[in-house]
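Just need the whole structure built from these sequences, with the hints factored in.
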Amino acid sequence: MTYIAKPKLHHPSLQPNALGFTRRDYEGRISTLCAGCGHDSISAAIVQACYELSIEPHRVAKMSGIGCSSKTPDYFLGQAHGFNSVHGRMPSVLTGAAMANRDLLYLGVSGDGDSASIGLGQFAHALRRGVNMVYICENNGVYGLTKGQFSATADQGAKSKSGEVHVDSAIDLISMALLLGASYVARSFSGDKKQLVPLIKGAIRHKGAAILDVISPCVTFNNHLGSTKSFDYVREHDEAVNAVDFVPAKKEITADYEPGTTELVRQHDGSYLKLSKLRPDYDTSDRIAALAYLQEHQAQGELVTGLIYVAPEAADLHDHLGTADTPLNTLTEKELCPGAKALEVVNGEYR
Amino acid sequence: MSLELLSANHGAAMAATLAARANRKGRGFVSGVYPITPSTECMEFLCNQKIEKSHVVRVESEHSAMGVCIGGAAAGARTFTATSSNGLAYMVENCITAATMRFPVVIAVANRTLGPPWNIWADHGDALILRDAGIIQFFCADNQEVFDSVLCGFRLAEDKRVMMPVMVCMEGFILSHRTAQTDVPEQDKVDAFLPPTDVPHRLAQIPHTLGQIEVPHQTEMHRMQHHAAMLDVPAIYREIQDEFEKIFGRRPPDMLVPYKADDAETLIVSMGTIPITAERVVDDLRAQGKKVGSLRVRLFRPLPVEAIGRVFAGKKRIAVIDRNIGLGMGGVLWQDTRALADPGTVVQDYLAGMGGGDIRPEHIVKMVEDIEARTASGAPKLMEMV
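Protein chains in written order, with this note's numbering: chain A, 230 to 580; chain B, 2 to 387.
Keep in mind the hints are simulated off the structure, nothing from the lab.
In silico SDA-like cross-links for lysine to any residue, where the CA-CA straight-line distance does not exceed 25 Å:
1. B:K54 to A:G392
2. A:K388 to B:E45
3. A:K422 to A:K480
4. A:K376 to A:S398
5. A:K422 to A:T491
6. B:K51 to A:G386
7. B:K54 to A:V394
8. A:K376 to B:I52
9. A:K436 to A:H310
10. A:K376 to B:P117
11. A:K376 to B:W119
12. A:K376 to B:G357
13. A:K376 to A:A264
14. A:K388 to A:H526
15. B:K291 to B:K382
16. A:K388 to B:Q50
17. B:K51 to A:S391
18. A:K390 to B:V60
19. A:K376 to A:R318
20. A:K423 to A:E285
Given the structure is predicted, the values throughout are model-derived calculations rather than measurements.
See the structure below:
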């Protein structure tokens with residue numbers, strides 16, 4: 230939380246997007262995180278993605294829990310709505326908001342402590358239900374806000390700053406998301422903006438539960454030798470399965486499409502994910518194979534990144550529940566009580 | 002005894018460590034811990050101690066931290082945890098379980114404002130949500146008191162006539178992070194003060210089940226047993242003070258600490274660190290010829306109503322300071338104590354320092370001036386901390 234607003238200056242060279250907003254209009258207040266924090270890079274990637282997609286900031290609800298990650302919504306999309314909920318409980322609050330107003334873009338921002346430790350239950354159930362959201366877990370393997378205790382995503386054998394070796398098994402949120410039925414599953418690295426921005430854009434345009442696990446080194450408590458979430462370690466072990474290029478719905482695809490090495494995934498809204506296959510054998514549409522691939526490569530010490538799995542036409546919670554297209558909070562009495570003639574039609578269906 | 006410079010968080014953890022070691026001849030020590038500001042340093046300190054027959058489990062939430070303590074106590078171990086604010090709020094379900102299942106868990110609470118909106122500074126409102134849960138609550142005024150209360154807390158919680166959790170409260174940052182000289186006794190003296198933990202209903206040789214369903218009359222019986230045990234706490238605490246004094250050569254503070262209260266016409270009643278400031282104000286106002294006194298309520302649950310009533314007797318004015326608010330009613334200390342005053346006494350509630358605002362001597366002077374101008378009790382009044 231910061232009380233320091235960025236000065237309202239717009240450099241003339243800043244290019245406006247389709248809405249007339251510049252990148253600056255998607256920023257928030259000045260970050261109070263440690264200098265060099267990976268989370269600030271993720272905030273910058275969110276800003277970039279929303280700017281490039283010409284998202285109307287007031288159509289976005291930033292939802293978060295507790296932790297360094299959950300402070301970041303203050304640092305991007307200053308003109309969007311925000312809700313800082315309690316520790317590990319953001320997914321249920323987001324679910325309720327999404328049920329009452331399906332028109333907003335729900336951007337859940339959480340961390341490994343918030344999602345994998347105290348909030349694992351809520352994380353799992355929001356994905357299982359297919360809540361229409363973009364869920365970004367800013368994963369650094371430690372509780373930064375309470376000074377660097379291991380979180381549940383810390384790898385077994387990883388060393389803390391004080392030299393302590395972590396003994397518990399790590400929770401892999403991406404493997405869990407695959408098991409739980411998330412329909413857009415990606416992992417990235419805060420230090421790889423080129424990979425991260427299109428993954429966020431794809432998630433925003435995805436219908437259903439989209440989860441991005443972003444390894445985001447904690448420069449103060451988990452960026453040392455022996456850590457498996459440090460900048461150096463992640464750079465050395467990052468094994469991307471694909472390079473993603475996001476193509477908006479109305480844009481004609483004229484890019485160098487090479488069958489066999491490039492895959493096009495058409496999403497529900499007509500946008501495309503153009504995937505350059507870095508691993509020829511990798512198939513983003515095969516959930517079980519993706520899970521096996523993750524496990525095999527993790528066992529070899531590799532950190533698999535990229536678009537891990539996508540089901541572009543998956544049903545979301547609104548589909549499961551058959552909710553009205555009009556948001557619940559704007560339905561009027563006229564729509565709820567359409568009159569005797571409409572009732573006749575309904576009754577007629579049962580005769 | 003050795004004098005050590007310890008923060009109150011570290012003092013609580015040091016006392017828990019000594020108590021844990023004292024149970025090496027018993028069934029060991031188990032603690033579940035989870036960090037939260039401003040109580041984190043307590044669990045950190047505990048995690049760094051070498052304690053034989055002990056496991057400090059770093060769990061994933063406060064709820065589980067208390068769960069580990071409950072399980073540990075059910076197996077007969079000595080148990081301790083520490084938390085704050087929303088951590089305690091999240092722990093509530095299991096705190097109630099520990100209480101209703103009569104497990105002697107000691108809980109150190111670094112009092113912090115409940116959120117959201119988020120605020121990390123001191124407020125008594127977190128501990129007070131467990132006011133009616135069957136947990137003994139001490140509110141401490143200084144580092145030594147936190148240390149002593151944790152030691153006495155184990156003795157009290159584990160007394161067979163009591164057998165329930167004890168919460169030791171210290172205001173976040175004001176106490177939790179303040180470093181002060183603390184008298185730390187030798188292990189053999191702690192061993193003598195704290196006999197091995199014996200939870201009579203622990204899961205032991207004769208198989209039985211804890212926590213089954215019960216019918217209304219059984220619930221009534223259990224609640225009344227628990228209530229009766231709580232009412233016995235003041236007398237048992239006095240015994241423990243005597244024992245403590247015999248072993249350690251100094252007496253831990255009383256459950257109520259009156260200060261120049263005997264002949265006072267105006268009495269200031271408060272908890273935590275506030276009374277320390279109030280006592281200074283009493284000295285200042287006495288020097289001006291005003292008959293002012295203070296009453297520090299250290300044991301808030303069970304509330305020693307008879308003893309408070311005796312201090313209240315004959316007072317013209319009673320100013321209660323609440324670093325909390327029972328929304329829709331008023332300050333919790335005021336709610337609980339106003340009926341103990343004589344008819345006709347002006348009892349006025351002053352809401353002060355909520356959300357961690359400093360309560361300085363001039364604020365308390367203003368309260369005294371305000372109550373002296375009153376002829377009748379009024380609604381709770383917010384003292385603005387400017």
